[in-house]
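Residue-level listing of the chains:
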Amino acid sequence: MPNAEETKTINPEKWIDSHGKILFRYAMAHLQNEALAEDCVQDTLVAALEHSHSFNGESSELTWLTGILKHKIIDIYRKRHRITYENEFCTDENADNTDNFFDQSGHWVNAPADWGDPLKLAEKKAFRQVFETCLKKMPASLALLFSCRESLEMNTEEICNTLGITTVNSRIMLYRARLHLQGCIQTNWGLSSEIQT
Amino acid sequence: MINCHSASRLISKSREYPLPLLKRFSLFIHLKACDACHNFLRHVEIFSRVAKNPEDSNQDIDEAMKMRILNHLRHHQNTPPNHL
Chain A
1 MPNAEETKTI
11 NPEKWIDSHG
21 KILFRYAMAH
31 LQNEALAEDC
41 VQDTLVAALE
51 HSHSFNGESS
61 ELTWLTGILK
71 HKIIDIYRKR
81 HRITYENEFC
91 TDENADNTDN
101 FFDQSGHWVN
111 APADWGDPLK
121 LAEKKAFRQV
131 FETCLKKMPA
141 SLALLFSCRE
151 SLEMNTEEIC
161 NTLGITTVNS
171 RIMLYRARLH
181 LQGCIQTNWG
191 LSSEIQT
Chain B
198 MINCHSASRL
208 ISKSREYPLP
218 LLKRFSLFIH
228 LKACDACHNF
238 LRHVEIFSRV
248 AKNPEDSNQD
258 IDEAMKMRIL
268 NHLRHHQNTP
278 PNHL
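Chains as they are written, first to last, in this note's numbering: chain A, 1 to 197; chain B, 198 to 281.
Same shape as in the complex, but just chain B (with noise of 0.2 Å):
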């Protein structure tokens, strides 16, 4: 049976790609009967939520900003593209 320092590189790299299917058994087989790595496994994928859905800010793009926004982009689109 694998050991948990394999166990463990096994669960990162299956949120990369699908493992071969002999490398999923023998995960499969070593979370049975480890609850760490089943535990890493659980972590792994709240560190995936956590990352993906950063805390909505209430701020909102203001009138304000928009119009800033825009004559910066005005001017730069009414520069000619003048590249050396």
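In isolation and in its complexed conformation, chain A is listed as follows (with noise of 0.2 Å):
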């Protein structure tokens, strides 16, 4: 039987009604599936509800459902990447493979061109659908590394311990996948701008 100081912190009722709305909206604008999102939400609270003795009430209680969200998030990209969780991030120690993008002086091969605007340029749906579309593209064990550094805002250590890897493995990946992400966008943005009305 859950003492009384516990029952009146789990209230899941309360939790759908002052934070439903916020954790949806998260869900929804990171995996832009509706059901997805309503089964995200859903996990979340069920498992908060299973661990809420770890809820010490130093964080805010909807930074607590969030940071349990967010790993449900990063579950939902793995099997969308079909990353298991044993292997694709260890077997990575030779990821400083960037050579392709720079000539033997060290110079860019497709060198970053001006592409206007850095504040319009990110509101701009063509340019979005790119970097969606080049986000894909990537491999796979980059992509997640990606989305849980700037997507999910993680930091470095909790990226570390999710993921299983070094901080300077995480490093040089997300390095990898900015080279990819700009080589990529550079390739594709001046067709689809043409494209766009």
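Heads up, none of these hints are tricks.
Below are the EDC-like pairs computed for lysine to aspartate or glutamate, each with C-alpha atoms no more than 16 Å apart in a straight line: (1) A/Lys21 x B/Asp257; (2) A/Lys21 x B/Glu260; (3) B/Lys263 x A/Asp17; (4) B/Lys263 x A/Glu13; (5) B/Lys249 x A/Glu123; (6) B/Lys263 x A/Asp39; (7) B/Lys263 x A/Asp43; (8) A/Lys21 x B/Asp259; (9) B/Lys263 x A/Glu34; (10) B/Lys263 x A/Glu38; (11) B/Lys249 x A/Glu153.
Derived by calculation from the structure, the hints in this document are not laboratory data.
Please dock the two separately framed chains into a single complex, following the hints provided.
As structure tokens, then:
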């Protein structure tokens, strides 16, 4: 039987009323799929119920729930990218394979061009589409790591704990992910901006 | 002076942690002279901005969804944790 204090803390109905909207929006924004987002929020609250003893009150309830939600989203990313828990990451010791982006003297093979105003660019739908496509095109482990770092805003420690990689490896792989995006978007952005009305 | 390969690596690293003073300085000098790396720096910021702010959907959690989730949770809560 839970004691009085615990009963006071565990109130799923209150969770949904106070945080359901924010959690669902967060899940929707990162998954773009209503059914998956609903499942994700549901799984988050179930996990929160099961581990309510681990909520120490140091962070706010919402921060705690969002932390759990992030892990649920990562699980879906993993499935999307068909990444298993065991492989992919630890095998990437030779991850600094960025040679094909630079010539022997260390100059860009395909020099980053001026794409225009960054603020306007980030708001353009067509640019977002190219970005998403390029994210899908890059090696799955890089895309997952990049999403954890930039979309879910995890810090290095969280990333290393969640994905089981070293700090050095995560930095090298993020560098590769950014080079991939640079190259892929540079190749495809010009084309789609012509199509755009 | 550092080359573009090294400069781009520093640009990426600077998104993760504050670079040591000397490296920051050598990157600064390189960026003064190199448009390509300057563009890469801006692009890396764009990638971060786009990834952080996915398109906000208009869809919201509705009452039916709330009830489904709540029922699921109640069911779960009432099931004794009988783990083997």
